[in-house]
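> Sequence:
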Amino acid sequence: ARAERMSAANVYALRQKLFPSARGAAPVTTPVSFTEAQAAQGRAAYQQNCMDCHGSNLDNGEFGGAPLKGSYFRNKWGGGSVANLYAFTKTKMPPDRPGAFSDKVYADLVAFILQANGYEAGGRELPLDATAQQGMTLKRE
Numbered sequence: 001a002r003a004e005r006m007s008a009a010n011v012y013a014l015r016q017k018l019f020p021s022a023r024g025a026a027p028v029t030t031p032v033s034f035t036e037a038q039a040a041q042g043r044a045a046y047q048q049n050c051m052d053c054h055g056s057n058l059d060n061g062e063f064g065g066a067p068l069k070g071s072y073f074r075n076k077w078g079g080g081s082v083a084n085l086y087a088f089t090k091t092k093m094p095p096d097r098p099g100a101f102s103d104k105v106y107a108d109l110v111a112f113i114l115q116a117n118g119y120e121a122g123g124r125e126l127p128l129d130a131t132a133q134q135g136m137t138l139k140r141e
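Just so it is clear: in the sequence shown, position 87 is 87 by the working numbering, and no numbers are missing.
The hints are simulated quantities; they were obtained by calculation from the structure and are not laboratory data. Just so you know, not all the hints are guaranteed correct.
To be verified - As a list, the in silico DMTMM-like pairs of lysine to aspartate or glutamate whose alpha-carbon atoms are at most 25 angstroms apart: (1) K69 with D129; (2) K90 with E4; (3) K76 with D129; (4) K76 with E120; (5) K139 with E120; (6) K104 with D52; (7) K139 with D96; (8) K104 with D59; (9) K92 with E125; (10) K69 with D52; (11) K76 with D96; (12) K92 with E62; (13) K90 with D59; (14) K69 with E36; (15) K69 with D59; (16) K139 with E36; (17) K90 with D103; (18) K139 with D129; (19) K104 with E120; (20) K69 with D103; (21) K92 with D52; (22) K104 with D129; (23) K139 with D59; (24) K90 with D129; (25) K90 with E62; (26) K90 with E120; (27) K90 with E125; (28) K104 with E4; (29) K76 with D59; (30) K69 with E120; (31) K76 with D103; (32) K139 with E125; (33) K69 with E4; (34) K92 with D103; (35) K104 with E125; (36) K139 with D103; (37) K92 with D129; (38) K76 with E125; (39) K69 with D96.
Based on the sequences and whatever the hints tell you, model everything.
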């Protein structure tokens with residue numbers, strides 16, 4: 001197949017032929033998952049590293065950090081997946097040293113932010129795997 005040069009339309013048609021069951025299928029989604037303990041660890045990391053910019057209530061920071069709860073959070077993140085929020089947090093925060101924390105600490109921080117926005121803790125920690133996170137929608141029903 002690589003020997004033949006194909007237009008985008010031809011590639012699309014070939015995909016539909018090879019994977020007919022994927023045509024029009026809804027993406028697989030799983031509930032957001034994190035534990036109470038993970039959110040508590042995220043709260044501790046937040047208080048130590050994020051509170052100056054984002055505030056003690058996640059929306060009242062002294063140094064201009066975007067609100068991390070409420071309508072701002074819903075408008076910015078509510079239509080996406082946990083993977084979007086996690087990736088942004090890991091690659092952009094903190095602004096003076098993005099990526100400075102371990103993957104686990106970033107997952108804990110995201111769990112805390114999710115809990116602060118009314119998502120329910122469960123029996124499984126927020127996974128570190130991007131594919132698993134991608135399936136976790138932040139959309140509310």
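> For each hint, tell me whether it holds in the structure or not.
Taking the hints in turn, this is what the structure says about them:
1. A hinted pair counts as satisfied when its Cα atoms are at most 25 angstroms apart, and K69 with D129 qualifies at roughly 24 angstroms.
2. At roughly 40 angstroms between alpha-carbon atoms, K90 and E4 are farther apart than 25 angstroms, so this suggested pair is violated.
3. At most 25 angstroms may separate the alpha-carbon atoms for a hinted pair to count; K76 and D129 meet this at roughly 22 angstroms.
4. Distance restraint check for K76 and E120: the Cα-Cα separation of roughly 19 angstroms lies within the 25 angstroms cut-off, and the hinted pair is therefore satisfied.
5. The suggested pairing of K139 with E120 holds, with an alpha-carbon distance near 13 angstroms, which does not exceed 25 angstroms.
6. A threshold of 25 angstroms between alpha carbons decides the hint, and for K104 with D52 the separation of about 21 angstroms falls inside it, so the pair holds.
7. A C-alpha spacing of about 30 angstroms is found between K139 and D96, which places the hinted pair above 25 angstroms, so the restraint is violated.
8. Restraint check for K104 and D59: the C-alpha separation of about 24 angstroms stays at or below 25 angstroms, so the hint holds.
9. A C-alpha spacing of about 23 angstroms is found between K92 and E125, which places the hinted pair at or below 25 angstroms, so the restraint holds.
10. Pair hint K69 plus D52 holds up; C-alpha atoms about 16 angstroms apart against a cutoff of 25 angstroms.
11. Restraint check for K76 and D96: the C-alpha separation of about 22 angstroms stays at or below 25 angstroms, so the hint holds.
12. Distance hint between K92 and E62 is fulfilled; the C-alpha atoms sit about 19 angstroms from each other, no more than 25 angstroms.
13. Taken as a hint, the K90 and D59 pair is honoured in the structure, with Cα atoms around 19 angstroms apart against an allowance of 25 angstroms.
14. Among the hinted pairs, K69 with E36 is consistent with the structure: their alpha-carbon atoms are about 18 angstroms apart, no more than 25 angstroms.
15. For the given pair, K69 sits about 6 angstroms from D59 by alpha-carbon distance, which is consistent with the 25 angstroms threshold.
16. Of the pairs offered as hints, the one joining K139 and E36 holds, with about 21 angstroms between alpha carbons and a cut-off of 25 angstroms not exceeded.
17. The straight-line distance between the Cα atoms of K90 and D103 is roughly 8 angstroms, inside the 25 angstroms bound, and the hint therefore holds.
18. Simply put, K139 and D129 have alpha-carbon atoms about 20 angstroms apart, close enough for the 25 angstroms limit, and the pair holds.
19. Restraint check for K104 and E120: satisfied, since their Cα atoms lie roughly 19 angstroms apart, inside the 25 angstroms limit.
20. About 22 angstroms separates the Cα atoms of K69 and D103, which keeps this hinted pair within 25 angstroms; it holds.
21. As the CA atoms of K92 and D52 are separated by approximately 16 angstroms, the hinted pair is consistent with the 25 angstroms bound.
22. About 11 angstroms separates the Cα atoms of K104 and D129, which keeps this hinted pair within 25 angstroms; it holds.
23. Between the alpha carbons of K139 and D59 the distance comes to roughly 21 angstroms, so the proposed pair stays at or under 25 angstroms and holds.
24. A distance of roughly 13 angstroms separates the Cα atoms of K90 and D129; the hinted pair therefore holds under the 25 angstroms criterion.
25. Distance check on the hinted pair: K90 and E62 sit about 22 angstroms apart at the alpha-carbon level, within 25 angstroms; holds.
26. Note on K90 and E120: the hinted pairing holds, with a Cα-Cα distance of about 22 angstroms set against a maximum of 25 angstroms.
27. The hinted pair formed by K90 and E125 meets the criterion: a straight-line CA distance of about 17 angstroms does not exceed 25 angstroms.
28. About 45 angstroms separates the Cα atoms of K104 and E4, which puts this hinted pair outside 25 angstroms; it is violated.
29. At most 25 angstroms may separate the alpha-carbon atoms for a hinted pair to count; K76 and D59 meet this at roughly 14 angstroms.
30. A hinted pair counts as satisfied when its Cα atoms are at most 25 angstroms apart, and K69 with E120 qualifies at roughly 14 angstroms.
31. Of the pairs offered as hints, the one joining K76 and D103 holds, with about 22 angstroms between alpha carbons and a cut-off of 25 angstroms not exceeded.
32. The hinted pair formed by K139 and E125 meets the criterion: a straight-line CA distance of about 19 angstroms does not exceed 25 angstroms.
33. Between K69 and E4 the CA atoms are separated by roughly 51 angstroms; this puts the pair beyond 25 angstroms, and the hint is violated.
34. Straight-line distance between C-alpha atoms of K92 and D103 comes to about 13 angstroms, which keeps the hinted pair within the 25 angstroms bound.
35. Restraint check for K104 and E125: satisfied, since their Cα atoms lie roughly 10 angstroms apart, inside the 25 angstroms limit.
36. Annotation: proposed proximity of K139 to D103 holds, straight-line Cα distance about 24 angstroms (limit 25 angstroms).
37. At most 25 angstroms may separate the alpha-carbon atoms for a hinted pair to count; K92 and D129 meet this at roughly 18 angstroms.
38. With a C-alpha separation of about 23 angstroms, the suggested pair K76 and E125 falls inside the 25 angstroms cut-off, and the hint holds.
39. For the hint pairing K69 with D96, the CA-to-CA distance comes to about 22 angstroms; that is within 25 angstroms, so the pair holds.
Consistency with the previously given hints fails for numbers 2, 7, 28, 33, ordered from lowest to highest.
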